[in-house]
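Given chain E, work out where chain X should sit, using these hints.
If you're matching them up, the sequences are chains E and X in order.
Take the first sequence: its position 256, counting from 1, is numbered 256 in the numbering used here, and each next residue is one higher.
Take the second sequence: its position 188, counting from 1, is numbered 188 in the numbering used here, and each next residue is one higher.
It is possible that some hints are incorrect.
[Claimed, not checked] Cut-off 20 Å, straight-line C-alpha distance, at most; resulting in silico cross-link-like pairs (DMTMM-like, lysine to aspartate or glutamate): (1) X:250 to E:270; (2) X:250 to E:166; (3) X:250 to X:270.
Because the hints were derived from the structure by calculation, they are not lab data.
2 protein chains.
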Amino acid sequence: MSAGVSDRSNRFLRALRREPVDQTPIWLMRQAGRYLPEYRAVRARAGSFMDLCQNPELACEVTVQPVRRYALDAAILFSDILTVPDAMGLGLHFVDGEGPRFERPIRDQHAIRQLRVPDPAVALRYVVDTVGRVRRELGGLCPLIGFSGSPWTLATYMVEGQGGHDFRHVKGLLFNDPEILDTLLATLTQAVTDYLNAQAEAGAQALMIFDTWGGVLSARDFLRFSRDPMARIIEGLSRRREIPVIVFTKGGGAWLPALADTGAEALGVDWTVSLREARAQVGGRVALQGNLDPQALYAPPARLRAEAEAVLRDFGGGAGHVFNLGHGMLPDIAPEQVTTLVEAVQTASRGLA
Amino acid sequence: MSAGVSDRSNRFLRALRREPVDQTPIWLMRQAGRYLPEYRAVRARAGSFMDLCQNPELACEVTVQPVRRYALDAAILFSDILTVPDAMGLGLHFVDGEGPRFERPIRDQHAIRQLRVPDPAVALRYVVDTVGRVRRELGGLCPLIGFSGSPWTLATYMVEGQGGHDFRHVKGLLFNDPEILDTLLATLTQAVTDYLNAQAEAGAQALMIFDTWGGVLSARDFLRFSRDPMARIIEGLSRRREIPVIVFTKGGGAWLPALADTGAEALGVDWTVSLREARAQVGGRVALQGNLDPQALYAPPARLRAEAEAVLRDFGGGAGHVFNLGHGMLPDIAPEQVTTLVEAVQTASRGLA
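The following block holds chain E by itself, in its conformation from the complex (with noise of 0.2 Å):
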């Protein structure tokens, strides 16, 4: 039977074009972070977190050492969703429990009309060598997802500052000047259209778009200030037809047949989404990515094996669905946690197949 030709090195790229696969893939954002001692040790070495994301060893060392302890399915380069306003010159850095900040934000139209689009294989040259040696290393393993941040959640950053629960600079550009607004994502469209076909070529075999703060928009700003420039990120890709798009907006489990007009192949969706009622509304184009509640891991393991049963009855068996949590992993996490949440994956998911 056809599942029967899938295995770690590509279970994962089957699932995103619903083809058949013997066991639904797993794999889970921030998989490579703090809750592994491993990790703590590189970053310890290495200085800041930008430190670690800009030495290709190391960063490639982070990247393989969940896919190392864990039969996962895929691997994701270590870096962050920021790093193209960071070309641009904004400066990011992280401040210890409060995430990502620039130095340098960015709110009038003149500042805006300066922004220039970085060409990766210079300012983003960290993230290209990082991409090649993370393939050499893990050979035919499993796969390796690239990324970035969509252009309205790069856009809320770099206006803002840094992230947060307000939002006021950004709105406010929106509802005073939107034209603006527009100039500065369609930079950023290019800037991550470039970026991600960088990515592809250096060796990436799936691409994902993290659009983190989509969620605050009202449903008719989100199609034109966070869905069309991911639309046309896609439409931008050289290698369009080889590599699959998994596009996620946290908090957009109500927008999903938007979302699947953007043509990514695959939607990342988070825990609030009914998956067996998302498959309702778009399985027919999409496959399907998450979406365990990352706080069902602090769980004693038998209930964190009944929580992972439960997403994957929710999605119902057959294919077009990746497993992952529906939002990052936590950094107090037990190490053999995932353990178990990885082989009731597989083991339940080969019931269903």
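For chain X alone, coordinates are given in the frame of chain E:
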């Protein structure tokens, strides 16, 4: 024609029952608040936020201020969503810029089993007194809305000790000991039912349940831990036929059919929801309340009017819409902006009626 019988005294209540009205009624969440100079003057006299809530004379005054200044179609009791756990002895207070806190959060089985349902005539007497006083002060000008937080939302604050974006303790309870969470929610369901019945008895003409944190749950957990307790409250209201109920789950836009199953007359929706799509899903069963992005009030007047008109067009005219924001008024909005908004809604909706 029947629409001719509606005016400021009953337009809001008619719209909640999906009866024809001459123009779309409007009120604004947190319409009594810091953006109004007359509110700031009273607040300065009262002391802390809780001192103001607990002083029926001053709480009445700030409840009535916005309906004196603007042609709004409803007043909402000036109070907080967390008065019930405060009455249970948890010690509610407010930290400037950081929102509500409980002095004595509650996390263990023993403490949860010790909780008692407060008698609103005693422990929440100040709310009951305020409701009666506001009704006398309003005369027949416009209806008064009473409210509470939902059991899940109250439980979240009670277990965490504060709001936030982590929810580690309450999710820990959910994944480790869901039965004790059910126990806590059952106590809160009875307490909120008694509290809303006391507000109705004192004169509240509509009731709203604010489910501020329902949107952090998975689709499945939402039904058990947030939706079902709200449905039990509505079932337990003693003047069920006379007093319409509005349920508002922030971030619950993907769950509207499940929310309509609570038995509420109306659902509040945040600005991520398309009113057109929401109406197609549940418009035959409930009215819809919302959903302008509160940050649209930062826009220049012409743009603000256009945004308000877009919300009205999105709903599409006819019965069953109450105009509101998708979240509370921000504290630094210029008061004249609210005049612009109210006039825009009233003028444009007469054209659509």
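Structure-based check of each hint:
no.: 1; hint: X:250 to E:270; result: holds, 16 Å
no.: 2; hint: X:250 to E:166; result: holds, 15 Å
no.: 3; hint: X:250 to X:270; result: holds, 6 Å
Comparing the model with each earlier hint shows no violations; every hint is respected.
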